[in-house]
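Hints in hand, dock the two standalone chains.
Each chain, written out:
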Amino acid sequence: MSRTVGIDLGTTFSLVAWVNPETGRPECIRGPYGSTLCPSVVSLDEDGRIVAGEPARRRLLTQPERTIYSVKRLMGRGVADVQDELRLFPFRIDPESRNVIRVRLGDRFFTPPEISACILREVKGWAEEFFHEPVTRAVITVPAYFNDAQRQATKDAGRLAGLEVLRLVNEPTAAALAYGLDREQRGLVAVYDFGGGTFDVSILKLIAAGEGDIYQVLATSGDTHLGGDDIDNLLLDLARGEIRRDLGFDFGDYPESLQDLRKALIAAKHELSHADETTIRFLLPGGLAYVRRLTREEFERRIAPIVDRTFGPVRQALSDAKCKPSEMDEVVMVGGSTRIPLVRRRVEELFGRPPHVELDPDEVVVLGAAVQANILTTGVQDTLLLDVTPLSLGLETMGGVVAKLIPRNSTIPASAEELFTTGVDNQTGIDLHVLQGERELARDCRSLARFRLPVEPAPAGMARVEVRFTIDASGILQVRARDLKTGQERSADVQPSYGLSGPEIERMLVESIDFAEQDFAERQLIEARNEAETILHATEKSLADAESELLDPSERASISGAMVALRQAMAGTDYRLVRERTDELNQATTHLAELLMDRAIRSALEGKKLAEI
Amino acid sequence: MSVSSVASPACWNCGAPPGGGHFCIGCGKIQPLAAADGYFAFFGLPEKLDLDAADLDRRYLALSWKLHPDNFVRAEEFERNLSLDRSSVLNDAYRVLRDPVSRAEYLLARHGVRKEGQTKQQAPPELLEEVFELNESLEELRAARLSGDAAESAALGKRLEAAGRNFQAKLAEVDAELAAAFREWDAALDRSAGEDERARLMARMNEILNRRSYIRNLVAGVTHELDGAPDA
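Residue numbers (the working numbering), protein chains in the order written: chain A, 1 to 613; chain B, 1 to 232.
Quick caveat, the hints were computed from the structure, so don't treat them as lab data.
Treat the hints with caution; some may be incorrect.
[To be verified] Within a straight-line C-alpha distance of at most 27 Å, the following computed DSSO-like cross-link-like pairs (lysine-lysine) qualify:
| hint | chain 1 | residue 1 | chain 2 | residue 2 |
| --- | --- | --- | --- | --- |
| 1 | A | Lys205 | A | Lys324 |
| 2 | B | Lys115 | A | Lys404 |
| 3 | B | Lys170 | A | Lys324 |
| 4 | B | Lys158 | A | Lys322 |
Next up, chain B with everything else stripped away, as it sits in the complex (with noise of 0.2 Å):
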C-alpha cells in the first residue's frame, strides 16, 4: 500500500521549501505526506531488509512524540489532519516493518515483484511427499475422533505432533534462508548493484516466500487440529 501522494512544492505555512522531512525545516510546521517514497524513507531508511528492531522502535517511538494528534489538539482542523494522516502512517509503516515476513513483502510489492492476495499457494516439488503423509494423517485423526476411537486418536495425535515438529523445524529453515537472502539484498544495495541483479534477488525472495507461506500454513492446520482451537 502507498503512501498517498499529496505532494506540495511549497511549505503550506510559510512558502518556503519544506525540505522532504515531516516538518517544514524553516517554520516547523507540519507537512503534507510526501510523494510516495514509502515507508522505510518514512523512518530516514534505506531499503534495507536486515534492519535493526531496536533502532526501529527508537526511531518509531521519537516520531510518534513528534507526530501524534495529542500534541496537535488545539490546532487548526488542517494541521489537525495532517498529523492524523502522518501518525496514521507512521503506525501503518512500523507495523509492516517490524514484522520480516511483512517488511520483505511490502518491498516486493513496491517493486511489483508480489501482488497482494496473489502469492501461489503450490506445494514445494521436495516436500510432496511429506505433504501426502501429513494431509493422510490429519485425515485419518479426524475419523477417529469422530469414530471415538481414543486409543487411534491418541495414536494419530502423535504421529501428527512429529510431524508438525518436522514442518516446524522446516519453516525455521526457510527463515534462515529469508534472512541470508536479506542480507545478500543489502550487500547488493551498498555496492549499488545493477537492476538484473536486483530482480535475481527479489524473484529469489519472492520464491521463499511462497514456500514459507505454503509451510506456515500447514503447521497451522496441525496446530489448529491438535488443540482443536476454533477459528478467531
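Here chain A stands alone, though its shape is the one from the complex (with noise of 0.2 Å):
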C-alpha cells in the first residue's frame, strides 16, 4: 500500500503530516532529528552526494560554498527578477541561467525544482520511514500569491521527488482548514500567513452545507518576497555596518563567519518575542567582539517598515472580498513571523479581535495539507475548498495593452475562451502571449508563456481558432486549441517563459534516475574492490609462505591466473566482475588455505606441548 501525505514546502522550514485513521486528525510526522521541522537546505557534499534538511543545515556554517537555503525564493522565477535577492542571499547563480535559474553547489549546477525536490524527498524519506511503507502521492502547499510559473515549478519539484501532486493548496486556506476542524463558528475568517519568505492574506466564508462545510476564498492578495528573512536581513544590514565603522571589520572574505552572524542575529530576534531586550555577543575572525544590547522598542521600530509592508496587501483583500475588517467572525494567524508581538499588537488594531494563535504558527499549514489529502484519497468528501486565482489572466493585444480573461479572486477552476482569426492572407499561425497581473501594459504583467496556433494558408479573415484557457484547482493553467473550420483540437506548443519545458523535466527524471542507480553502482564498486584488495593481499603473504610449496604447480598456475583476472576486473567499473573474480580467486585458494590452516593448528598444538614441558 502506497500512502498519501500533505506537505509544506516552506522558505526556512517544511513539513510532513497525515491523518491519522483511528483519531481522525492530522499530525506532523517528526525527522530523525526529533524535530517536525525539516530545514529546507541543500547541500552538495564533497563526494558530489545531496544531503538535505538537518545535516545540509550544519554545512551552512562550514561549506556555505556548496549549501543553499531560501531557495524557495527563486522558484518559477527568471535571472532578472532575483537581482534584488542577490544583494542579500549569497546564491551563486549561472550567469548562463537563460529561462530557468541555475544555482551552483560545489562544481555541480541545479535548477530550483531540483533543489526543491531534494528536500520533498528528504521529508517524504521521513514519512516512508515512519509508516515503513512508500509514500507517492502529496498534496503541497503554495504560498496564495504565487502566480503560475511558480506554481509549476512547485509541482514539478514534486514529481523530481518521484511524488504525484494531487493538488497544490494555498497555505493560508489549509491553515484555515486546520483550524476550522475544531469549530461549530461558521462566518467570515480572515487568515494572516506571514512566513519565512512570503505573505499572504485570504479572506474566507465558512458555509455549513448539507453535504459538509464549503470553506470559499472570496478574495486572496499578498506579496511573495515579503517575510521573516527580511527582518533577518534587516538586522543583519544593521550589525554589518556598525561592525564596519566601529570595529573596522567587513565579512568580504569570511562567508562563514557572515552565516554564524546570521544565526545570532535570528535567536536574537527570537528571544525578542518574550523578553524585553537582549543582548548580542559575536566574536569575529581575528579576535574582536561585537557586542550589542537591542531592546524590543528599538527591534519594533526598526522593523515597522516591514510590517507595515503587510497591511497594503491585507487592505486589497479586505476591498476585494467587499468586506470590512470589523466584519471578520475570526482572525487566525499563521507563520512563524506571527509570533512577533509587534505584528501580533497590529492584526488585532486592524481587526478590533484579539486572532487565533492556538496552534502552534509553524505547523498549521501542513495539517491543513494533510486534511486535504485525506479528503483526496479516501473519497470521504465532507469539506470543499472553493479556492481563488490570486492574479489576473490575461492576453497581449495590439499596443501591448493586456486584454483581461479572467479577473483575479475569480473561483476555481475557471476559463475563458476566445476566438482568434488571421490578419493577412496565407498567414500560416497566430502568436498568443499569456501574462499574469492586474497592469494595463504586458511590459508590466508576468510573461507566463508565449505560444503559436497553426493555422492552414487562407485569405485573412478566414480562420477560426477558439482557444480555451482554464485555471485547474491547483491554480495552473491549461491551454487548449480548436480549429473550429476542421473541428480539430490544434496542439498549442507552450513555451513557459520561465519554467521547465516538458522535455527538460523528462530529462531530469532521467538523470536523477541514472543518479540514484549510478550512485548504487559507484558505492558497490569500491565495496567489490576493498573486498579484492584483501582477498589479493592475503593471497600474495600465503605464496610467500614456506607452506606454500607443498602446492602442486597446476594449483599455483591456477592461482596466479586467478589474480591475473581479478587485477584486470579491478581496473573495469563493472563491479558485478569485480565480486565473480574474487569468488574464482576464493576457489582457487582453498588448498592454499587448508594448507596454512593445518599448519597454524599443528603450530599450535605443539605450542600447547611446550607449554607442557
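And the structure:
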C-alpha cells in the first residue's frame, strides 16, 4: 500500500503530515532529529552526494559554497527578477541561466525545482520511515499569491521527487482548514500568513451546507517577497554596518562568519518575542567582539516598515472581498513571523479582535494539507475548498495592452474562451502571449507563456481558432485550441517564459534515476574493490609462505591466473565482474588456505606441548 | 462568452442518450459540455434577470459538490478533464450571473444586442451640464493641489464630495431603473412575448447599461481623486 501525505514546502522549514485514521486528526511526522521541522537547506557533499535538511543546515556554516537555503525565493523566476535577492542572499547563479535559473553548489548546477525536490525527497523519506511503506502521492502547499510559474515549478519539484502531486493548496486556505476542524463557528475568517519568505492574506467564508462544510475563499492577496527573511536581512545590514564602522571589520573574505552572525541575529529576534531586551555577543574572526544591546522597542521601531508592508495586501483583499475589517468573525495567524508581538498587536488593532494563535503557527499549514490529502484519497468528502486565482489572466493585444480574460479572485477552476483569426492572407500561425497581473501594459505584467497556433494558409480573416484557457484547481493554467473549421484540436506548443519545458523535466527525471543507480553502482564498486584488495593481499602473503611449496604447479598456476583476472576486473568499473573474479580466486586458493590452516593448528598443538613441558 | 460546444449524441460511457444534464441519466457519468445553452441553462434556470440570489447560491454550492475536481482525483484523465471543464464553467457562470449588471450584459451579449468592449461612453444629454461642472471641479482641485493651496483644495474637495454624492444618487436611480426593466423582461418571458417586444426591451436595457457605465466611471473618478488612491 502506498501512502499520501500533506507537505508544507516552506522557505525556511518544510513539514510533512498525515491524518491518523484512528483519531481522524492530522498529525505532523517527526524526522530523525526529533523535530517536525525539516530545514529547507540542501548541500552537495565532497563526494558529490546531496544532503538535505538538518545535516545540510549544519554544513551552511562549514560549507556555505556548497549549500543553499531559501531556494523557494527562486522558484518560477528568471535571472532578471532576482537581482535584489542576490544582494542579500548568497545564491551563486549561473550567469548563462536563461528562462530557468541555475544555482551552483560546489562544481554542479541545479535548477530551483531540482533543489526543492531534494527537500521533498527528505521529508518523503521521513514519512516512509514512519509508515514503513512507500509514499507516492502528496498535497503540497504554496503561498496563495504564487503565480502560475511558481506553482508549476512546485509541481515539477514534486514530480522530480517521485511524488504525484494531487493538488497544490494555498497556505492560508490550508491553515483555515486546520483551524476549522475544531469549531462550529460559521462566518467570515481572515487568515494572516506571515512566513519566512512570503506574506499572504485570505478572506474566507465558512458555509455549513447539507453535504458538509464549504470553505469559500472570497479574496486573496499578498507579497511573495516579504517575510521573516527580510527582518533577518535588516538586522544583518544593521550589524554589518556597525561592525564596519566601529570595529573596522569587513566580512568580504569570511562568508562562513557572516552566516554565523546571521544565526546569532535570528536567535536575538526570537528572544525578543518574549523578552524586553537582549544582548547580541558575536566573536569576529581575528578576536574582536561585537556586543550589542537590542531592546524590543528599538527592534519594533526598526522592523515597523516591514510589518507595515503587510497591510497593503490586507486592505486590498478586504476591499476585493467587499468586507470591512470589523466584519471578520475570526482572525487566524499563520507563519513563524506572527510570533513577533508587534505583528500580533497590529493585526489585533486592525480587526478589533484578538487573533487565533492556539495552533503552532509553523505546523498549522501542513496539518491542513494533510486534511486535504485525506479528503482526496479516502473519497470521504465532507469538506470542499473553493479557492481563487490570486492574479488576473490576460492576453497581449495590439500595442502591448493586456486584455483581461479571467479576473483576479475568480473561483478556480476558472476558464475563458477566445476566438482568433488571421490578419493577413496565407498566415500560417497566430502568435499569443499569455500574462498574469493587474497592470494595463504587457511589459508590467508577468509573462507566462508565448505560443503559436498553427493555421492552414487561407485568405485573411477566414481562419477560426477557438482557444480555451483553464485555470485548474491547483491554480495552474492549461491551454487548449480548436480549429472551428475542421473541428480538430490543435496542439499549442506552450513555451513557459520562466520554467522547465516538458522535455527538460523528462531529462531531469531520467538523470535523477540514472544518478540514483549510478550512486548505487559506485558504492558497490568501491566495496567490491576493497574486498578484492583484501583477498589479493592475503593470497600474496600466503604464496610467499614456505608452506605454499606443498602446492602442485597446476594449483599454483590457477591461483596466479585468478589473481591476474581479478586485477583486470578491478581496473574496470563493473562491480559484478569484480565480485565474480573474487569468488574465483577464493575457489582457487581453497587448498592453499587449508594447508596454512593445518599448519596453524599443528603449531598451536606444538605450542601446547611446549607449554606442558 | 459562450459555453463551448462539444455535443455528443450518446453518453461516452454507456452509449445511451445522456439526457442533457451534467450527468448521464443512465449511468451517472459526468458528460462533456453540451451545445451552447449558456449560463442560465447550466443552473437549470430560464433566462430571467430578476433572479433570487439565495436560490442561485444554493444551486451553485450543490453543483460545486458534484462537479468539483476533488470528486475525480481517482478518475481517468478523460473524466478528470470533463470535471475541469464543467466546474470551471460553473464558476464562470456563477461569477457572471450573481452580479445584476454582468448578468444583464451577458444576456444582451448572448442575443447579439451588446458587444464586449464596444459600449458607448457618451454623456447622457440631460447630464451634460453637471458633467461639465464636475470635470471643471476636478481640474481646479488638481491645480490647487499642485500649487499647494490647502484652503482652496479643502473647499474644492468639499464641492467635489457634494458632486460625488449627487452622482452616487443618480447611480442608485439608474439601478432602480434597471431593476424595473428586469421585471418587465421577466414578465415578457412569462407571457411568451414576441421577438419585437423582446428586442425593444433589450435595446432599452442596453441604453440603461451604457448610461450606468458612464455614471459609474464618474463616481469612480471622484472617489479616486478624493482618496488619492493609486491605480490598482
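### Task
Output the numbers, in ascending order, of every earlier hint that fails for this structure.
none
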